[in-house]
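Protein chains in written order, with this note's numbering: chain C, 1 to 211; chain E, 1 to 211; chain Y, 1 to 211.
In short, the hints are calculated from the structure, not lab data. Where a beta carbon is used, it is the ideal one built from N, C-alpha and C, also for glycine. Don't take each hint at face value.
Stated by the list, open to error - For each label pair, taking beta carbons as the anchor points, the in silico distance ranges come out as:
1. Y:W68 <-> C:Y197: 56 to 66 angstroms
2. E:P202 <-> C:G206: 49 to 59 angstroms
3. Y:A168 <-> E:V83: 55 to 65 angstroms
4. Y:W68 <-> E:S207: 35 to 45 angstroms
5. C:P178 <-> Y:W68: 49 to 59 angstroms
6. E:L96 <-> C:V30: 45 to 55 angstroms
7. Y:D198 <-> C:G86: 18 to 28 angstroms
Unchecked claim - Only part of the chain C face toward chain Y is listed, based on derived beta-carbon distances under 8 angstroms:
8. A31
9. R32
10. L60
11. P61
12. A63
13. F65
14. W68
15. L79
16. V80
17. F82
18. V83
19. L88
20. N89
21. A92
22. I143
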Amino acid sequence: MSTASSTFLVLDLTGTFAFALNGALTALRVARVDIVGVVTLGMCTALGGGIIRDILLNALPPATFSDWRYLTVAAGGGLVAFVFGGHLNRLAKPILILDAAGLSLFAVSGALKGLQHGVGFSQAVILGTITAVGGGTLRDVLIREIPSVLTSGLYAIPALLGAVVVVAADRLGAADLPISIAAAAVCFIVRMLGIRYDLDAPAPPGSKRGA
Amino acid sequence: MSTASSTFLVLDLTGTFAFALNGALTALRVARVDIVGVVTLGMCTALGGGIIRDILLNALPPATFSDWRYLTVAAGGGLVAFVFGGHLNRLAKPILILDAAGLSLFAVSGALKGLQHGVGFSQAVILGTITAVGGGTLRDVLIREIPSVLTSGLYAIPALLGAVVVVAADRLGAADLPISIAAAAVCFIVRMLGIRYDLDAPAPPGSKRGA
Amino acid sequence: MSTASSTFLVLDLTGTFAFALNGALTALRVARVDIVGVVTLGMCTALGGGIIRDILLNALPPATFSDWRYLTVAAGGGLVAFVFGGHLNRLAKPILILDAAGLSLFAVSGALKGLQHGVGFSQAVILGTITAVGGGTLRDVLIREIPSVLTSGLYAIPALLGAVVVVAADRLGAADLPISIAAAAVCFIVRMLGIRYDLDAPAPPGSKRGA
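Hey, can you work out the whole structure from these sequences and the hints?
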């Protein structure tokens with residue numbers, strides 16, 4: 001339990017910084033926001049998914065809100081984006097990779113937290129996915145974009161796969177650190193393949209997205 | 001209590017499917033969404049109102065999230081919309097009627113759940129209304145539409161009326177299954193009259209909506 | 001504790017009316033909404049920040065939802081805006097002042113409620129700020145505006161300053177009614193200076209907002 005907890009912490013703080021940075025940079029690209037907006041949107045991207053997860057789990061106050069380390073890391077990611085925004089655009093590729101790592105870490109840590117609270121299979125998978133994509137969805141709503149996770153690309157699906165792997169392993173009695181790493185790797189690889197080959201989730205039959 | 005609970009379940013599952021189907025079809029019409037978007041938006045429409053209600057009631061984790069039957073029925077409604085979307089447009093009228101039934105069921109079951117948790121008159125009425133219109137509002141925000149419930153038509157008002165009837169009856173000591181059905185009927189009839197005669201809720205004085 | 005509670009009540013009800021009125025008027029200016037929309041958006045503006053605060057604090061059901069006085073005052077503010085909307089535009093200046101007063105009161109009362117629940121320094125400051133700006137943010141999302149608090153003007157920053165003053169005073173053992181009034185005054189003065197001299201929060205380096 002204690003090892004699991006400290007694994008959680010490391011996973012979550014790493015993902016938190018990556019998400020805050022990438023979330024704030026996305027906000028800067030799309031909307032004309034000031035320092036309040038950049039930092040707020042970075043923090044929403046980083047912490048939003050975990051907060052929604054904790055509300056659904058009745059694990060309130062939310063872990064990431066109660067712990068000053070999460071708040072500091074998230075605010076720091078937003079501030080770095082605010083100060084270095086223009087220059088970081090050159091780092092678009094590494095930041096995309098960092099974001100994929102955050103996605104993988106959040107999907108797994110979110111699903112594991114669900115399991116720790118005794119929820120069922122589907123619920124743990126949904127919680128992992130929400131932890132991974134919820135913050136970016138919140139940010140997109142705040143800057144008046146249709147959340148990209150709902151329209152194209154492979155973003156929710158890798159998160160879902162990572163969560164399924166870790167939850168299934170737990171059901172088979174095998175949820176341990178190596179399994180968590182494997183589950184995160186599944187999510188990360190699918191996400192990177194999606195970026196590399198520009199893959200989309202299936203569109204509705206008859207829609208002309210590809211035309 | 002047990003009868004009331006099982007009545008709740010039947011009411012809620014029926015409404016859940018209708019809302020998921022109609023919510024996903026609305027998303028398909030308005031936005032260019034993929035399978036993740038269609039199913040997510042269907043589930044948000046179906047489960048969102050009840051989840052907001054349960055947060056406000058401190059009845060966490062939310063009933064519809066904890067119970068796999070709700071998740072399955074809601075995901076099923078979204079998938080049906082995804083697969084048969086184009087063909088279902090011919091069924092617009094029956095689906096509108098099904099949605100009105102869902103509205104009525106959710107308004108009544110939401111208000112009753114509030115009463116079971118001991119909230120006051122206004123709170124129970126608000127909770128019934130939120131249960132009925134909250135999910136659709138959430139979907140509209142996610143697909144970047146101003147929620148239609150705020151702008152025109154009769155949607156929140158029938159739900160409010162249905163909730164008032166069942167809460168008032170409870171205050172008079174008469175809340176029972178026949179009363180619940182009567183309250184849902186009030187909501188359903190007002191909603192259908194609103195559709196049939198294209199009625200709108202009152203616009204602000206001086207606005208030129210009718211011109 | 002009892003004095004603190006009754007101070008809370010007066011602060012909160014005053015701010016609630018101001019926010020509902022101003023929030024509903026903003027909705028009327030920006031979107032074509034009906035009576036349901038005006039009253040709902042007024043209530044969201046007035047109650048939304050406190051509800052988000054109470055979710056994060058695990059102080060559910062939310063205080064403003066459980067207490068009929070908040071609901072009545074908020075609905076009343078929305079209805080006044082609906083009925084007198086056109087005429088109130090002449091009162092834009094007094095309403096802006098009233099809104100600044102609401103901002104100040106909410107920032108302080110929100111931070112104090114956080115402290116009463118034993119949260120840390122940063123959390124109390126964030127909760128005060130969210131109480132002050134959360135409702136308006138929710139309203140802007142619902143009417144499909146990018147929340148103005150994220151883009152320009154001084155709105156979140158005065159609230160943050162007011163919250164910092166009251167939380168810092170509490171840490172120094174000095175949190176009492178006069179300190180609360182001083183903290184609210186700091187927020188109010190900075191907000192009014194921002195309006196008077198058209199001040200903005202810092203924009204990202206290299207952005208051409210001023211050009």
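For each hint, the structure was consulted:
no.: 1; hint: Y:W68 <-> C:Y197: 56 to 66 angstroms; result: holds (58 angstroms)
no.: 2; hint: E:P202 <-> C:G206: 49 to 59 angstroms; result: violated (40 angstroms)
no.: 3; hint: Y:A168 <-> E:V83: 55 to 65 angstroms; result: holds (58 angstroms)
no.: 4; hint: Y:W68 <-> E:S207: 35 to 45 angstroms; result: violated (30 angstroms)
no.: 5; hint: C:P178 <-> Y:W68: 49 to 59 angstroms; result: holds (55 angstroms)
no.: 6; hint: E:L96 <-> C:V30: 45 to 55 angstroms; result: violated (35 angstroms)
no.: 7; hint: Y:D198 <-> C:G86: 18 to 28 angstroms; result: holds (26 angstroms)
no.: 8; hint: A31; result: holds (6 angstroms)
no.: 9; hint: R32; result: holds (6 angstroms)
no.: 10; hint: L60; result: holds (4 angstroms)
no.: 11; hint: P61; result: holds (5 angstroms)
no.: 12; hint: A63; result: violated (12 angstroms)
no.: 13; hint: F65; result: holds (6 angstroms)
no.: 14; hint: W68; result: holds (6 angstroms)
no.: 15; hint: L79; result: violated (11 angstroms)
no.: 16; hint: V80; result: violated (12 angstroms)
no.: 17; hint: F82; result: holds (6 angstroms)
no.: 18; hint: V83; result: holds (7 angstroms)
no.: 19; hint: L88; result: violated (11 angstroms)
no.: 20; hint: N89; result: violated (11 angstroms)
no.: 21; hint: A92; result: violated (17 angstroms)
no.: 22; hint: I143; result: holds (6 angstroms)
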